[in-house]
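Student: The listed protein sequences correspond, in order, to chains A and B.
For the first sequence, this note's numbering puts the final residue at 119, and the numbers step up evenly by one.
For the second sequence, this note's numbering puts the final residue at 187, and the numbers step up evenly by one.
Errors might be hidden in some of the hints.
Only some residues are given here: those of chain B computed to face chain A with a beta carbon under 8 Å [said to hold, decoys possible]: (1) Gly13; (2) Leu15; (3) Val24; (4) Val45; (5) Ile110; (6) Leu149.
Where chain B lies over chain A, by a calculated footprint (3+ residues, C-beta under 8 Å) [to be verified]: (7) 25 to 31; (8) 97 to 107.
Just so you know, the hints here were simulated from the structure itself, not pulled from any lab data.
C-beta: ideal position from N, C-alpha, C; glycine also.
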Amino acid sequence: MIATLTITPSFYLILAALLFSVGAVGLLTRRNVIVMFMCVELMLNAVNLTFVSFAKALNDIGGQVLVFFTLVVAAAEVAVGLGIIVAIFRRRRDATADDLRTLKG
Amino acid sequence: MTAVLFFLFGALALGGALGVVLARNPVHSALSLVLTLVSTAVLFLLQDAQLVAAVQIIVYAGAIVVLFLFVIMLLGVDRDEPFLEPLKFQRPVAIALGAIILAEILILAGHRWATGAKTARGVGITGGPFGSNIQRVARVLFTTFLWPFEITAALLVVAVVGAVVVARRSGQAPDPEVRQGSDS
Chain A
15 MIATLTITPS
25 FYLILAALLF
35 SVGAVGLLTR
45 RNVIVMFMCV
55 ELMLNAVNLT
65 FVSFAKALND
75 IGGQVLVFFT
85 LVVAAAEVAV
95 GLGIIVAIFR
105 RRRDATADDL
115 RTLKG
Chain B
4 MTAVLFFLFG
14 ALALGGALGV
24 VLARNPVHSA
34 LSLVLTLVST
44 AVLFLLQDAQ
54 LVAAVQIIVY
64 AGAIVVLFLF
74 VIMLLGVDRD
84 EPFLEPLKFQ
94 RPVAIALGAI
104 ILAEILILAG
114 HRWATGAKTA
124 RGVGITGGPF
134 GSNIQRVARV
144 LFTTFLWPFE
154 ITAALLVVAV
164 VGAVVVARRS
174 GQAPDPEVRQ
184 GSDS
């Protein structure tokens, strides 16, 4: 029954929306900064899935090229973000969002 | 066949995403992230994005997750977190906000905001004299998107230099508050 179902781009877009929402909820609920970062990666990944789906749906390779730029930005973000986490950890001995309340004005 | 693969790997991707959010141990979160990324790579393959799928595995699952695991091990936070929540209302509010985001995306997806205008000089996924998937991506990346491509080189250099500068041992003493806390 499932095997005969035609997979339209909407299926992929709904899946990407679900992945994005799970990542957003994780970003809002988790307190460990490293896990929050992983949730950001999850959201970026969901957006990549929509890019590829639209590339297929609109028959335009531009969507797949944009995924590369997303990947580069994600890699740069992870490098800098993890550097900041290491620096915070060195000073505060822990890496939860609650430890960053000294940033409050 | 395509439908079976879609539902199988879609479910695996969602399960991995839930694992990232729900796992108490950061290492388990990172491994769930690998599951999601690999499942997404299969979904890319199902949509004729062979190069992107390979890059997804190599860069995301290979480099970024390893970087995450490396930092987790370096910092020694590979232990279960306590499940206590300092802000009582935070979790329900976050889940409600997540539901609102999901509803918003689904409502937006129902509208005709995707115009279908061609961006990539008419290079499609299939058809035309453009060769394989990797040739098509290269053709567009090095012509239409050449300037953004050059900018990413600068971005990566800035990011690497910034990461080194931020993470290097700066000779600063830890906060006095923290040092007292660890002594007592």
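Student: So, for every hint listed, does it hold in this structure?
Tutor: So, going through the hints one by one against the coordinates:
no., hint, result
1, Gly13, "holds, 5 Å"
2, Leu15, "violated, 11 Å"
3, Val24, "holds, 4 Å"
4, Val45, "violated, 11 Å"
5, Ile110, "violated, 10 Å"
6, Leu149, "violated, 11 Å"
7, 25 to 31, "holds (count 6)"
8, 97 to 107, "holds (count 10)"
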